[in-house]
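> The primary structure of each chain is shown beneath.
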Amino acid sequence: MTDAAPLRVALVGNPNCGKTTLFNQLTGSRQKVANYAGVTVERKTGQLVTPAGRQVLVLDLPGAYSLTATSPDEAVTRDVCRGGYKGEPAPDLLICVVAATNLRLHLRFLLELRQLGRPMLVVLNMMDALHQQGLRVDVPRLQAELGMPVVTTIGTRRGGAADLLTALDAPLPAPVVQAASTAADADEDLHAQVRHLLALCITREHPVAKKLESVLDRWVLHPVWGMVILFVLLFVMFQAVFSWAQPFMDMLEAGMTQLGGLVGAALPEGLLRGLVVDGVIAGAGTVIVFLPQILILFLWILALEESGYLPRAAFMLDRLMAVAGLSGRSFIPLLSSFACAVPGIMSTRTIQNPRDRLVTILIAPLMTCSARLPVYALLIGAFVPAHRVLGIFNLQGLVLFALYALAIVSALIVARVLKRGDSDEHPLLLELPDYRLPSLRSLALELWQRARIFLSRVGSIIVTLSIILWALSSFPAPPPGATGPAIDWSLAGRIGQLMLPVFQPIGFNWQICVALIPGLAAREVAVSALGTVYSITGAETDTAQSLVPLLSSQWSLATALSLLAWYVYAPQCFSTLAVIRRETGTWRVVLITAAYLFGLAYVAAWLTYHITRYLTG
Amino acid sequence: MLLNSLPLSGCGVIDHVRERTPHDPVARRLGELGFVPGEPVRVVAFGPLGRDPMAVEIGFTRFALRRSEAERIVLRSSEETLHAQDRGFSQDEIAGQE
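Those protein sequence lines, which keep their order, are chains A and B.
So in this note's numbering the end of the first sequence lands on 778, straight run, no missing numbers.
So in this note's numbering the end of the second sequence lands on 829, straight run, no missing numbers.
Hint data in this document are derived by calculation from the structure and do not stem from the laboratory.
Here a beta-carbon is modelled for each residue, glycine too, at the ideal position from N, C-alpha and C.
Heads up, a few of these hints could be off.
[Claimed, not checked] Which stretches of chain B does chain A cover? Using the computed rule of at least three CB atoms under 8 Å from a CB of chain A, they are:
no. : segment
1   : 739-746
2   : 754-768
3   : 772-786
Generate coordinates for the entire structure from the input sequences, incorporating the hints supplied.
In structure tokens form, the structure reads like this:
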């Protein structure tokens, strides 16, 4: 190997041993994190320079318990370690990360990796937690027994990986040549070796205090109190997503409006101004406004993930999810989808069973995302009277709640249908990790990365779509002397008329049809689109205000309820479809999702329209 | 005696993991997770509905298993288990002995 070629190293280890924290620590400010769109999982690469100036390319691999992979992400790890992942050679050095607090489990995978006969370096991570447990590791002894270099790190502490950086300057360690056990009870054999190693290298310094996990789990996993804790955490999370985000969203919205105004004033009146202000800024703005919600949701989920609580929530809800043919692992992605289906679908990566993951992706868009709220709010405000029910409940609030409940029940039914005839066993087999205080540093890094992914990928799609939609509703311009709104003459207006035969049976008029198109880009845009179509000018909030009397006078109750039912199932926005494409790697799933949601929405709207018409005469 | 018949806080020592089908991937994974003969296990919690799933402590680690998964784990006869418990065979002390 020449000096010019960077050293290629891979971080391997069990899930939850601190690989990614270590990865962020190592690549630090020079971090260049790229997302490789694998079939189902991503693998991260980063760069670092050692104290002696050596260039190192670091791969962060998904955690695995064994080289006998049971999930797609474990398969990536297996293939990279063996060499041959997408034709790449095996890494020059495997850095096997082992949590010092869980040596019994993690050493087994280390010994299995050693059988590959590749240069290896062992990292004993979480040394601080080990000392708290009153245990001591004889590192030189462990090094001698394993026959490979061992360094210790504290991934969560600044400078905690210094020893590892120094070790990367040393010449590559020679691989341990060893006959792999071919016995049927290879596992038992490995575990026997682990027990031997532990007996030799671990000593107890002082008696252990009662483990934190025993105390906390007594409450967190309790059949009654555990459910109460789960409920409170979820409630606070929803509150946070909807209320904490609001000031930031208002700020962003005002900022985008101002930007539009500034740019609009700077550009000459004409096509270019229309394109930039109405197309690009207004289009991207409606989506960027959701960044605070997405980040707050991610902050919660990342913090819960790092704390070790999420697997426990999955434990509590496993039985409930089993009713729909899913496992507790599907719970978190569905939960995220209440804010937005995009991060929800991204977090399905944690589901091991491919079919469970696919079904979760398919039903995630049914969870009522926050973008549907403006549509619901507008229609409920216009058509549902604000009666008191039983003295305490607001009828409008109850209708809103019913729409959420309808979506959840529908999702469970769809999952049940999709999973029928599925007699495969979907193992839960979920590790309940030790509780840990989330590290602010890795939270910040992860959030920053999420924000960048969101802004670059989704943002670029939205900008493109907005330009197309702007063009559709601006061209062709009305002929000179034409009367009536310009939109009547535009392509969008004509498309609305063309769509009418399809949507008339469910009570939609052509104005709604036109509003449905931008509603595909982002659902809440349907509100402002309706305003445009009805030729009302003004800021968005004013639009919603003045639309209320207009709609209640022009639409029948049946049409309004039909549109509400439509939006419970509404074929989701393009960003959701784009994420489904990215996460599943196939257009087929995208088509299936769009088609089944369209079908459900149509049937639900048709039933609602006709039942309401029958009841209201 | 099977792991899924232990009561809350009940302890046992694994005798073997039985395969439900030849090359049972779940049995294999259980082995990889450390459910191997001679390891002591303890039931930490039961799920809120139908006592399913169950949380089990083995070594330094806790796992959530569905009952159907726990059914594969055969424990040693109760006398051996009692014997182990008499000696105060708790997880922490195993670590201490090592």
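> Work down the list of hints and note, for each, if the structure agrees.
Here's how the hints hold up against the structure:
{"no.": "1", "hint": "739-746", "result": "violated (count 0)"}
{"no.": "2", "hint": "754-768", "result": "holds (count 11)"}
{"no.": "3", "hint": "772-786", "result": "holds (count 10)"}
In summary, the one numbered hint that this structure violates is 1.
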